[in-house]
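Enquirer: Given next are the chains, with one letter for each unit.
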Amino acid sequence: MAKLNQKLKLKLKYKDDLFKFILSIFIFGIILIFITVVAIIIYYSYPAVSRFGIAFLWTKEWNPPKEIFGAATFIAGTFMVTIIALIFAIPLSLGIGIFLEEYCPKFLKGFFTIIIEILAGIPSVIFGVWGVLTIVPWLRRDIEPFFEAHFSNIPFLKVTENIGYGILAASIVVAFMVVPIIASITKDALAAVPKITKDGALAMGATRLDVIKDVSLPFSYRGIYGGIILGFGRAVGETIAVVLLIGNQAIIPKSIFGVGYTISAMLANTFTFAVISPIYASSEVALALILLLISLIVNIIGRNVLQKVIGGKLSRTQFGGG
Amino acid sequence: MADIDKNNKNNNIDKNNIDNAIDNNKEEIKIEVKNLNFYYGDYHLLKDINLFFKKNSVCTILGPSGCGKSSFLRTLNRMNDYTEGSKLKGEVLLDGKNIYDKSIDVVELRRNVGMVFQNPNPFPKTVFENVAFGLKIHGIRNKQFIAERVEKCLKYAGLFDEVKDKLHKNAFSLSGGQQQRLCIARAIATNPSVLLMDEPTAYLDPASTATILDLIANFKKFYTIIIVSHNIQQAGRISDYSGFFLNGELIEFSKSGDFFTRPKDKRTENFITNRF
Numbered sequence: 001m002a003k004l005n006q007k008l009k010l011k012l013k014y015k016d017d018l019f020k021f022i023l024s025i026f027i028f029g030i031i032l033i034f035i036t037v038v039a040i041i042i043y044y045s046y047p048a049v050s051r052f053g054i055a056f057l058w059t060k061e062w063n064p065p066k067e068i069f070g071a072a073t074f075i076a077g078t079f080m081v082t083i084i085a086l087i088f089a090i091p092l093s094l095g096i097g098i099f100l101e102e103y104c105p106k107f108l109k110g111f112f113t114i115i116i117e118i119l120a121g122i123p124s125v126i127f128g129v130w131g132v133l134t135i136v137p138w139l140r141r142d143i144e145p146f147f148e149a150h151f152s153n154i155p156f157l158k159v160t161e162n163i164g165y166g167i168l169a170a171s172i173v174v175a176f177m178v179v180p181i182i183a184s185i186t187k188d189a190l191a192a193v194p195k196i197t198k199d200g201a202l203a204m205g206a207t208r209l210d211v212i213k214d215v216s217l218p219f220s221y222r223g224i225y226g227g228i229i230l231g232f233g234r235a236v237g238e239t240i241a242v243v244l245l246i247g248n249q250a251i252i253p254k255s256i257f258g259v260g261y262t263i264s265a266m267l268a269n270t271f272t273f274a275v276i277s278p279i280y281a282s283s284e285v286a287l288a289l290i291l292l293l294i295s296l297i298v299n300i301i302g303r304n305v306l307q308k309v310i311g312g313k314l315s316r317t318q319f320g321g322g
Numbered sequence: 001m002a003d004i005d006k007n008n009k010n011n012n013i014d015k016n017n018i019d020n021a022i023d024n025n026k027e028e029i030k031i032e033v034k035n036l037n038f039y040y041g042d043y044h045l046l047k048d049i050n051l052f053f054k055k056n057s058v059c060t061i062l063g064p065s066g067c068g069k070s071s072f073l074r075t076l077n078r079m080n081d082y083t084e085g086s087k088l089k090g091e092v093l094l095d096g097k098n099i100y101d102k103s104i105d106v107v108e109l110r111r112n113v114g115m116v117f118q119n120p121n122p123f124p125k126t127v128f129e130n131v132a133f134g135l136k137i138h139g140i141r142n143k144q145f146i147a148e149r150v151e152k153c154l155k156y157a158g159l160f161d162e163v164k165d166k167l168h169k170n171a172f173s174l175s176g177g178q179q180q181r182l183c184i185a186r187a188i189a190t191n192p193s194v195l196l197m198d199e200p201t202a203y204l205d206p207a208s209t210a211t212i213l214d215l216i217a218n219f220k221k222f223y224t225i226i227i228v229s230h231n232i233q234q235a236g237r238i239s240d241y242s243g244f245f246l247n248g249e250l251i252e253f254s255k256s257g258d259f260f261t262r263p264k265d266k267r268t269e270n271f272i273t274n275r276f
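For the protein sequence lines, the chains are A and B, in the order given. If you're matching positions, the first sequence starts at 1 in the working numbering and goes up one per residue. If you're matching positions, the second sequence starts at 1 in the working numbering and goes up one per residue.
Isolated chain A (complex conformation):
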């Protein structure tokens, strides 16, 4: 009997090890894919990088017939769209997250949460089409004439062509795509604040606003920050909606109403034609490398450096449990 048990145990142990081995292969596969992506991008961008060097980053010209390539216009467009989108999206998302977690009646909370999750899952091309149908005419008809009349001498708000398409149109639509991500993470981060700590503040006579300001937000800072990083990642790489809205001209926009180009939009529009010349193709891959580096750097900075700064001030490790 004892012997039989021994055998059974061995058999189970064998199964367990096998299972572990299979799972290890999966995780190894993920790492391999990551390495392959980075390696291929670096390999194919090498001709362009070696020919143009670091100046590729600030060269404004993109001229395939003359074989002069520079990324400056696309980098500028990418950052403008991302930053303006986040300026719109962050306050809106925090507001939605705070409302859902702290103020929303229970029976509505579930409904709103589902709407936000559905919004987060809508394909970006649909957002793009929606933007062309609503945001672009709205900007052309109402917003741009208004700014032209009142703010035409402020540098970044000057309306050059009253067409609706441009950096602002793309930024607004990207903001709508980013809001569900940051809002749902904000909501989850706020939900994780210990009730007893919130009760502690309420028991001192704090209002709900005091509790949010002094307890909930400081407690969930890191989670919200992670949500913003994720939102940045989505905004910086957003392609199809931007292609439809930004105007697709390789110039550095002088105003938020100007047309422009982002790295991802450029790749989506022209990469298939670029194969006609090796250096053209390589320059396009170099653009991809820049985008990859931006998202990697933001992720690494986001995850480590800033979290350490915040984490040092607000370490939660010592929180007594029970």
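Keep in mind the hints are simulated off the structure, nothing from the lab. Quick caveat: nothing in here was measured; it's all calculated off a predicted structure. It cannot be assumed that every hint is accurate.
[Said to hold, decoys possible] Result set (BS3-like, lysine-lysine): computed pairs, CA atoms no more than 27 angstroms apart in a straight line: (1) B:Lys-97 - B:Lys-54; (2) B:Lys-54 - A:Lys-195; (3) A:Lys-213 - B:Lys-143; (4) A:Lys-213 - B:Lys-89; (5) A:Lys-213 - B:Lys-125; (6) B:Lys-169 - A:Lys-66; (7) A:Lys-106 - B:Lys-87; (8) A:Lys-109 - B:Lys-87; (9) B:Lys-136 - A:Lys-195; (10) B:Lys-169 - A:Lys-195; (11) B:Lys-136 - B:Lys-54; (12) A:Lys-213 - B:Lys-54; (13) B:Lys-143 - B:Lys-164; (14) A:Lys-213 - B:Lys-97; (15) B:Lys-136 - A:Lys-106; (16) A:Lys-106 - B:Lys-89; (17) B:Lys-155 - B:Lys-136; (18) A:Lys-195 - B:Lys-89.
[Claimed, not checked] One side of the interface only, derived from the structure: several residues of chain B facing chain A at Cβ under 7 angstroms: (19) Ile-104; (20) Val-107; (21) Arg-110; (22) Arg-111; (23) Phe-117; (24) Asn-119; (25) Phe-123; (26) Pro-124; (27) Gly-134; (28) Ile-137; (29) His-230; (30) Ile-272.
Every residue gets a Cβ at the ideal spot worked out from N, C-alpha and C, and that includes glycine.
With chain A's structure known, arrange chain B on it following the hints.
Expert: Chain B alone, transformed into the frame defined by chain A:
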């Protein structure tokens, strides 16, 4: 007095017991609970509670888990306002005024009735900011006053010497016992007259527990203290009055001496003796 008599007619507490207690101590009554019923949904959590708390006394509410003692404590500073689906009937008179009256400012009520919780629950702020929190939300901006008050409260809570070099460090860097004393300092910063404590030593080591029990004994001079506990020995040591809750009913409430040596109710006796 007549009111108490009237309201105690249907209560389980022996009427004479209360009368004796009142006659023997002519001190002022700080909180009086009259016909308090508390419902959570359809569940009748607290049933017809009648009792009083004397000024500058320590009172312990005892009872097994789920008997409603914590919920009772939370009705005294209206923390039950935030329990969705709850309903309250009856009166809680603080200095003769019903705290459930529409004219009562809940913010001011909670400034006057401080609360300390089971777990240490400091805010994600520095030690200093934790104690200053109450002052700030009640509109005090004078920096010098705040600094003096913070130091004073930390001294009262017996914590100042341990944290004077860490005032501007995160409160979570303190030990569990220190955190709980910080929460006590925070609770007394707004100069309350009542302190509610919900099993304040439940999760602390014996040394920290002893420190906090000493604090409570000293605090009697300044505050009316109501403690919820399941620790009978502690209750016997530190409290002037003791009450026993069972299934949402107040079974017995009397001076601690009588309560522990001559319990009137069989159920109280069982509870005390089983635990001893």
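Enquirer: Which hint numbers doesn't this structure obey?
Expert: Those not satisfied are hints 2, 4, 6, 11, 12, 14, 15, 19, 29 and 30.
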